[in-house]
Amino acid sequence: MWQIQEPTADSKTAAIPDLTGTWSSDGKDWICCVSGGARGITLGDADSSLQLSVANVGSDTLPVSGEQYVSGDSWKIDYPQVTGQYRLRLSIRVVHASTTRIVWEPTFSIQTSLLDTDPSLELTAIGRFDETANANLPADLPADVSVSAIRAGDGDGQLLVLLGPQDAPFTKHRSSGKRLDLRVFGEFLEKGVIRKARPWVILDRTDAGVLSEDLSRYCNELCNTPLPLTA
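Note that the numbering used here gives residue 110 to position 110 of the sequence shown, counting from 1, and the numbers run on in steps of one.
Honestly, the hints are just simulated from the structure, not real lab data.
Among the hints, erroneous ones may be present.
Claimed, not checked - Okay, derived cross-link-like pairs now, BS3-like style, lysine-lysine, Cα gap no bigger than 27 Å in a straight line:
| hint | residue 1 | residue 2 |
| --- | --- | --- |
| 1 | Lys196 | Lys76 |
| 2 | Lys196 | Lys172 |
| 3 | Lys28 | Lys76 |
| 4 | Lys191 | Lys172 |
| 5 | Lys191 | Lys76 |
| 6 | Lys172 | Lys76 |
As the list claims (entries may be wrong) - With beta-carbon atoms standing in for the labels, derived distance ranges:
| hint | residue 1 | residue 2 | range |
| --- | --- | --- | --- |
| 7 | Leu114 | Asp47 | 38 to 48 Å |
| 8 | Ser113 | Leu137 | 34 to 44 Å |
| 9 | Pro165 | His96 | 18 to 28 Å |
| 10 | Val95 | Ser212 | 11 to 21 Å |
| 11 | Ala143 | Glu6 | 37 to 47 Å |
| 12 | Gln68 | Phe170 | 24 to 34 Å |
If you're wondering where the values come from, they're calculated on a predicted model, not measured in any experiment.
Using N, Cα and C, we set each Cβ at its ideal position, and we do this for glycine too.
Kindly generate the complete structure, drawing on both the sequences and the hints.
Laid out in structure tokens, this is it:
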């Protein structure tokens with residue numbers, strides 16, 4: 001289950017730590033830091049440098065986190081529109097978890113009160129591209145599904161981002177060198193309209209990584225999972 005550590009200012013430094021959620025599986029921790037603002041959002045492995053970072057595209061930062069609560073396997077965080085371009089709501093659901101692997105379903109919902117804006121989020125990870133995983137995708141991979149994989153640069157570990165038919169055709173792939181870079185949204189956002197993006201993020205701690213048959217199963221499961229009504 002989720003364990004949430006809410007930020008409390010340090011009386012000596014006035015520094016406020018991240019809003020952090022930990023999912024433990026048999027004593028092994030998987031950690032999400034979701035403060036937003038200049039700190040951004042990260043989904044990561046407590047035992048590795050491998051993590052997925054979420055930030056705003058452009059000079060502005062993400063909105064800052066406000067109210068948050070846990071509902072079942074999902075952690076829901078609201079990022080109100082105060083001075084920025086949009087309001088963000090985030091729901092992080094744990095699909096599968098073990099000591100060596102976690103599958104997260106982060107659902108991003110954006111909405112604006114402005115008349116003219118086109119916000120975009122970038123999903124990035126630093127490491128080394130996993131050419132084997134990218135070159136040997138399952139033959140039965142569903143249509144309109146995108147898989148991006150990267151390995152930890154300083155040891156074992158694999159991170160994959162799966163995009164289903166609702167997101168893959170509209171996501172910009174800007175990856176290069178040792179940087180995985182996916183950009184969601186980015187189109188004109190009409191006032192009052194809610195748009196959603198729902199990737200699946202897999203973190204694996206093993207040297208072998210995610211096997212082809214497991215990847216095929218996850219892709220099919222993603223395609224057959226309805227988009228959450230609320231984030």
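So, going through the hints one by one against the coordinates:
For the suggested pair Lys196 and Lys76, the alpha carbons sit about 14 Å apart, so the restraint of at most 27 Å is met. Pair hint Lys196 plus Lys172 holds up; C-alpha atoms about 15 Å apart against a cutoff of 27 Å. For the hint linking Lys28 to Lys76, the alpha-carbon distance of about 22 Å falls within 27 Å, and the restraint holds. Between the alpha carbons of Lys191 and Lys172 the distance comes to roughly 23 Å, so the proposed pair stays at or under 27 Å and holds.
The suggested pairing of Lys191 with Lys76 holds, with an alpha-carbon distance near 23 Å, which does not exceed 27 Å. Under the criterion of a C-alpha separation no larger than 27 Å, the hint pairing Lys172 with Lys76 is consistent with the structure, at around 26 Å. Checked against the hint of 38 to 48 Å, the pair Leu114 and Asp47 passes, with Cβ atoms roughly 42 Å apart. Between Ser113 and Leu137 the CB atoms are about 41 Å apart, so this pair conforms to the stated range of 34 to 44 Å.
Between Pro165 and His96 the CB atoms are about 21 Å apart, so this pair conforms to the stated range of 18 to 28 Å. Between Val95 and Ser212 the beta carbons are some 19 Å apart, a value that agrees with the proposed interval 11 to 21 Å. Checked against the hint of 37 to 47 Å, the C-beta distance between Ala143 and Glu6 comes to roughly 43 Å, which is consistent with it. Taken as a hint, the range 24 to 34 Å holds for the pair Gln68 and Phe170, whose Cβ atoms sit roughly 28 Å apart.
Checked against the numbered hints above, the structure breaks none of them.
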